[in-house]
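S.K.: Protein sequence lines, in the order shown, are assigned to chains A and Y.
Each residue of the first sequence is one higher than the last, beginning at 1 in the working numbering.
Each residue of the second sequence is one higher than the last, beginning at 1 in the working numbering.
Just so you know, these hints were derived from the structure itself, not from any lab.
Only a predicted model underlies this, so the values are computations on that prediction, with no experimental measurement involved.
Don't take each hint at face value.
It does not matter which identical chain is used: a pair holds within one copy or between any two.
[What the hints assert, rightly or not] Using 25 Å as the maximum straight-line C-alpha spacing, the simulated DSS-like pairs for lysine-lysine come out as follows:
1) K383 <-> K59
2) K110 <-> K298
3) K58 <-> K390
4) K59 <-> K390
5) K59 <-> K298
Listed here are the chains, written in short residue letters.
There are 2 protein chains.
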Amino acid sequence: MPDRDHCLALDAADPLRAFRDEFVLPEGVVYLVGNSLGALPRRTAERVRRTVEDEWGKKLVGGWNASGWYAQPLTVGDRIAPLIGVGPGQVVAGNTTSIAIFQALAAALKLRPDRRVIVSDADNFPTDHYIVQGLAGLLGEYEVRDLAERRFDDAAVVLLSEVDYRTGARQDVAAVTAEAHAAGALIIWDLCHSAGVMEVDVSAADFAVGCTYKYLNAGPGAPAYLYVNPRHHETAENVLSGWFGHAEPFAFETDFRPAEGIRRFAVSTPHVVSFAALDAALDIWERVPMAQVRAKSKALTSLFVELVGDALELVSPADPEARGSQVSYRHPDGYPVMRALIDHGVHGDFRAPDILRFGFAPLYTSYTDVHDAAATVLEVLGKELWRDEKYARRLAVT
Amino acid sequence: MPDRDHCLALDAADPLRAFRDEFVLPEGVVYLVGNSLGALPRRTAERVRRTVEDEWGKKLVGGWNASGWYAQPLTVGDRIAPLIGVGPGQVVAGNTTSIAIFQALAAALKLRPDRRVIVSDADNFPTDHYIVQGLAGLLGEYEVRDLAERRFDDAAVVLLSEVDYRTGARQDVAAVTAEAHAAGALIIWDLCHSAGVMEVDVSAADFAVGCTYKYLNAGPGAPAYLYVNPRHHETAENVLSGWFGHAEPFAFETDFRPAEGIRRFAVSTPHVVSFAALDAALDIWERVPMAQVRAKSKALTSLFVELVGDALELVSPADPEARGSQVSYRHPDGYPVMRALIDHGVHGDFRAPDILRFGFAPLYTSYTDVHDAAATVLEVLGKELWRDEKYARRLAVT
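With the rest of the complex left out, here is chain A:
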């Protein structure tokens, strides 16, 4: 069993160790919730201040040109592209993951007018499935089929996540993409739990979406992104046809005329202040070797699994290749257990009804963090500290 000194040695040899200093990390806490909200990069506050005070404050409406605000959906999209294995001019940033899913789904259905089935994973993060239901309800005449049936032959589109938010289980993007295409279906990947912790490659897929506030560290509610395969750029329609997707937004034409390329999927005015924090976060990603990130991610999750051992029931796949960068366990009293862990300095989160999640962000989580977190888990469980009644009461949101 690796002891703390061994973990200190692993940290000393970690090629990514310098990145940890680029983040603001809380004192006395092991933060294992980067899969929900990434930590604050040190550079972000100044970048946001600059946008507010120097750009908006001094240039006012001139900032749209002078500070590149207009171009943000595309320039920032181009900075995200390498993180998901696609090229420039293929990603547009903005809005939210839910809205990007709606755009991708609506476009996919129009591209497959002869089919009336949407395959969606009922175990996917709920918003994905809810958006499918909302669109199907609006259009009528669509069947929403659960992924579990594994039948794509009459499907217009398949929507699923590369990494499951609850279990951390990882799909084989290449294989499932090929399977969907062989059946004549289009495919949309949700990358919320994979981008930033592994080498993602959705270049064969039709669409992909993701958020930037988890492993990408762009801040609470940071803009999402939408990838559209270039083979669809001339034919796919953006149902949220706002003026930023128009061929000439400032011609103020009466009729919508889609822009060339990915810009037709822009909707409207970008959230500039939130974009500033995203742009700052991407400064870090430019320097990150993703193969090292994935290697460290697997090592961190494996170490945690090894150290926790049988103290908790593992829900995530045991094979590190088959999971993302989180480890989930099942516990019938998961809620008080997680509250006790947080009270003892280990921040994970709880997902109803009985899942404990621990996310490992390779840029700022150390091997020693993993050691200390596992030790606390063993102590809280071994001494049944979670049975203290103060942990039983539900907080408003967990």
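Based on these hints, arrange chain Y on the given structure of chain A.
M.R.: The following block gives chain Y in isolation, referenced to the frame of chain A:
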């Protein structure tokens, strides 16, 4: 003709004059583009810093509860409500105006399933009309009828702006709402150019939308808002049925079950950093007597019209009651004229093909500003300074 001393006296007697000190205004410039992007409130930078460094940086994922991020769409919506004449629990903030229009339109069409006509103003700000076209294209079987036909009798919904972005002409909200309802149609008001400069009252309407980055001063790309009349809260559907609109977002149920009340129109994770700037801007609006704002707005626009006189062809209504807080003129060489004005310290904007716009934000525009701006307009036109070839070349975006 009022001279500069008279304008100084008007400023001294202005009951709103103290508000000017709450904004960062550029040196040596008269900024008349508050109808496009409002000026930076002095309090905003610290409010945004707090959200980034103290909330996100220190509380991390705990900020969702501890800093009220989850509730932002509703708490901030409640702060916007008084500005548009409606009550608490009726406005949700977030996303963009275009997206809010899409939500309102889709909901309205579902509420009027027996009708197949959308009335939209072809002269409205293009994104409004484009969103109508996008939704109609997705659904098929809908006719988009121009407002100019003035025929509502078979319309499902009517969408128009209280104040026209180009001319500043103001619609009579009460009368047109009654006209639409008498014809059995629902009505959606776009308040982008009216909220913050007049006493808006859409309480009889079915839906209303607006942005917050113009007269409300919430910053570039700040979150938009959506009002839904309480009579529709139980029946209207949110087609963008993301998890924030679910009755129990953290129950992670498989099927979408809409929340009670306005929250069903929330979509997904709010753009928290952009919300911080919006929240700061609303601190000011709590103290603003809107009747005084409207009185000053009419006085400012009237003064500008009087001082500019026949030097430019007025496009806006001559009656101040019939316009918003902007004055628009037509000039065949509008582009170089506006560039010359900006070069001489008067910032308005140009809208193709030939419109010069000047917006007056009563919280920070003074009577002396109006005097000085008009004097510059007369000089630039009188001496034909705009004919200098350096003003002829088009910039990338105008």
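S.K.: Which earlier hints can't be squared with this structure?
M.R.: Going through the list in order, the structure violates hints 1, 2 and 5 and respects the others.
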